[in-house]
Amino acid sequence: MIDFKDDKKGKASDFEEAFFSFNETFIHPTAIVGKNVALEEGVKIGPFCIVVGNVKIGSGTRLYSNVTVGYPAQVVGAKESLGTIEIGKNCELREFVTIHASRYPDGQTKMGDNCYVMNFSHVGHDCILENNVTLINNVNLGGHTYVEKNVIIMANSATHQFCRIGKFSAIAPYSGTRQDLPPFSLFNEQPAKFAGLNIIGLRRAGVKRESINAIKHLTKLFYKDKLLMDKIKELAAEEPTWGQDEHVQYFIEFVENSTRGVSRRCVSDAANDAEQDLA
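Going by our numbering, the sequence shown opens with residue 1, and the numbers climb by one from there.
Hints may contain errors.
[What the hints assert, rightly or not] Below, simulated DSS-like cross-link-like pairs (lysine-lysine); rule was C-alpha separation at most 30 Å, straight line:
#1 K231 with K216
#2 K149 with K231
#3 K216 with K79
#4 K220 with K233
#5 K110 with K220
#6 K220 with K231
Read the hints as simulated data drawn from the structure, not as lab findings.
The task is simple: from the sequences and hints, build the whole structure.
Right, dumping it as structure tokens:
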């Protein structure tokens, strides 16, 4: 554990060296860390952070100044939260991020590995974020939101409680949703509308061209033709060249398992763009 000596407090160079350079755990002297907080190796707690309650933070994660983790859920009339918070490895929580504890004694708010949460973003009680999620400035996740892996939610966007965001999706700035948003897609506006496939994200993830084309065919049927899912499943069974692709099957399962419903709204021309071939 690295800590400042009395004669070193206030020296910016010492703080920078400890916060950015060393592999050892570091807690700034102005931070508050509760007795039930567990920090793995290399965790950095910056100035004026508050970490309280039953919290576990994975190795290499950094909390920049004024981050608050572990306060009770913001639920009017509810008793103080007793649930836990688990934050994975190598996450970056930037200035003034807030993460609230589960409102249930056996519940958990959880963040996976390699997540990047930018300034003033809020992760509500009982939210679950899988690995490699990025929340850009001022994102607000309502309680029980589930964000699958490799999702990007851009600035000033928000989710209703209990929403689920499918993997490899991206939500544009100033968007919001009251419904589940399927995987592999781009969403825009308020309420969020389908704006095409996240082709850049899929390519970066190494998804093959054939799979991307299969997903494009599926989204045409779903968003432009607005076929019922039973009909889409029937077509998928008849045309295995695209219908049995694992990404197509995941999309279908996501929609069928939705608890809040899935919007079929589209921004202008997005449904038509979904059927274009990849050049």
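Hinted pair K231 and K216, Cα distance within 30 Å
The hint holds at about 17 Å.
Is the Cα-Cα distance between K149 and K231 30 Å or less?
holds (28 Å)
Holds or violated: K216 with K79, Cα cutoff 30 Å?
It is violated: about 47 Å lies between the C-alpha atoms, which goes past 30 Å.
Check whether the Cα positions of K220 and K231 lie no farther apart than 30 Å.
holds (13 Å)
Given the hint that K110 pairs with K220, test it: the Cα-Cα distance must not exceed 30 Å.
violated (34 Å)
When you check the alpha-carbon spacing of K220 and K233, does it fall within 30 Å?
Judged against 30 Å, a Cα distance of about 14 Å means the pair holds.
When the structure is compared with the earlier hints, violations turn up for hints 3 and 5 and for no others.
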